[in-house]
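K.L.:
Sequence:
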Amino acid sequence: MIPALQLEELNGGYPPLTVFRDVRFTVMTNTTVGILGPNGAGKTTLLKTIAGLLPALRGRILFNGKDVGALRAHQRARAGLVLVPEGRQILTGLTVRQNLELSRAANRLDAAAYVRKFDEVLTIFPRLRERRDQLGGSLSGGEQQMLAIARAMMIDPILLMLDEPTQGLAPIMVRQVLAVLQTLKNRLPIICVEQNRAFLDELADSIMTMQGGRLTTKAQAG
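So for the sequence shown, this note's numbering puts the first residue at 1; every next one is plus one.
Since the hints were made in silico from the structure, they are not lab data.
Note that the coordinates shown come from a computational prediction; the quantities given were computed from them, not determined experimentally.
One thing to keep in mind: the hints can contain errors.
[Claimed, not checked] Within a straight-line C-alpha distance of at most 30 Å, the following computed DSBU-like cross-link-like pairs (lysine-lysine) qualify:
hint: 1; residue 1: LYS66; residue 2: LYS117
hint: 2; residue 1: LYS185; residue 2: LYS66
hint: 3; residue 1: LYS117; residue 2: LYS185
[Said to hold, decoys possible] Simulated restraints on C-beta separations:
hint: 4; residue 1: GLY212; residue 2: ASP133; range: 24 to 34 Å
hint: 5; residue 1: THR18; residue 2: ARG132; range: 42 to 52 Å
hint: 6; residue 1: ALA73; residue 2: GLU8; range: 14 to 24 Å
Yeah, the Cβ is synthetic: ideal placement off N, Cα and C, and Gly gets one too.
Please build the complete structure, drawing on both the sequences and the hints.
P.N.:
Written as structure tokens, this is what we have:
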């Protein structure tokens with residue numbers, strides 16, 4: 001079986017600074033991998049490099065068996081390699097519906113296909129269906145995180161990457177986000193970067209630890 005994602009001796013950072021070195025791991029279909037580590041460990045830089053927002057300084061990124069190193073970020077996203085960034089980055093002055101509609105161009109959906117996709121995504125996120133005409137800025141932190149994930153799902157990801165999805169959330173909202181992601185586990189492979197070990201224990205099939213720009217351990221979650 002071809003892995004959904006395979007990293008081979010990947011190095012990345014902000015040239016000339018190398019932030020992480022010699023990262024290698026494989027994500028198989030319908031598995032969830034957690035990456036645990038403190039601020040400054042290189043976790044976010046790693047996800048941005050996989051997504052194409054930063055250049056790989058060395059090594060290869062294989063997505064469904066194909067080297068995507070030459071693809072720009074929007075091309076990788078269109079191919080199904082999708083990142084939900086740290087801090088959510090929704091547009092607070094737009095409604096939930098309008099935030100989701102921004103993904104329509106990226107996925108090149110016609111009107112009928114967009115309506116079907118919109119309904120499918122709001123079935124996964126019933127809380128957002130209730131709030132579809134509210135401004136993004138009026139949502140709770142947990143609802144904004146759900147909106148950021150829902151926006152990514154509008155692009156039909158083949159592999160979903162999440163950067164610190166519990167950051168700044170109250171415990172009750174963390175539980176709600178966890179419940180949504182546990183549902184998505186049955187749909188696609190996921191990479192989740194977190195500082196919250198308890199959250200990863202409940203979500204991930206395996207957890208790696210990143211410190212000082214290197215993946216140092218790998219252990220089963222739980």
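K.L.:
All the hints need checking, so say for each whether the structure fits it.
P.N.:
Here is how each hint holds up against the structure:
1. A distance of roughly 27 Å separates the Cα atoms of LYS66 and LYS117; the hinted pair therefore holds under the 30 Å criterion.
2. With a C-alpha separation of about 23 Å, the suggested pair LYS185 and LYS66 falls inside the 30 Å cut-off, and the hint holds.
3. Between LYS117 and LYS185 the alpha-carbon distance is near 19 Å, which keeps this suggested pair within the 30 Å criterion.
4. Take GLY212 and ASP133: their Cβ atoms lie about 46 Å apart, and the range 24 to 34 Å is violated.
5. In this structure, THR18 and ARG132 meet the distance hint of 42 to 52 Å, their C-beta atoms being roughly 44 Å apart.
6. A C-beta distance of roughly 20 Å is found between ALA73 and GLU8, which places it inside the suggested range of 14 to 24 Å.
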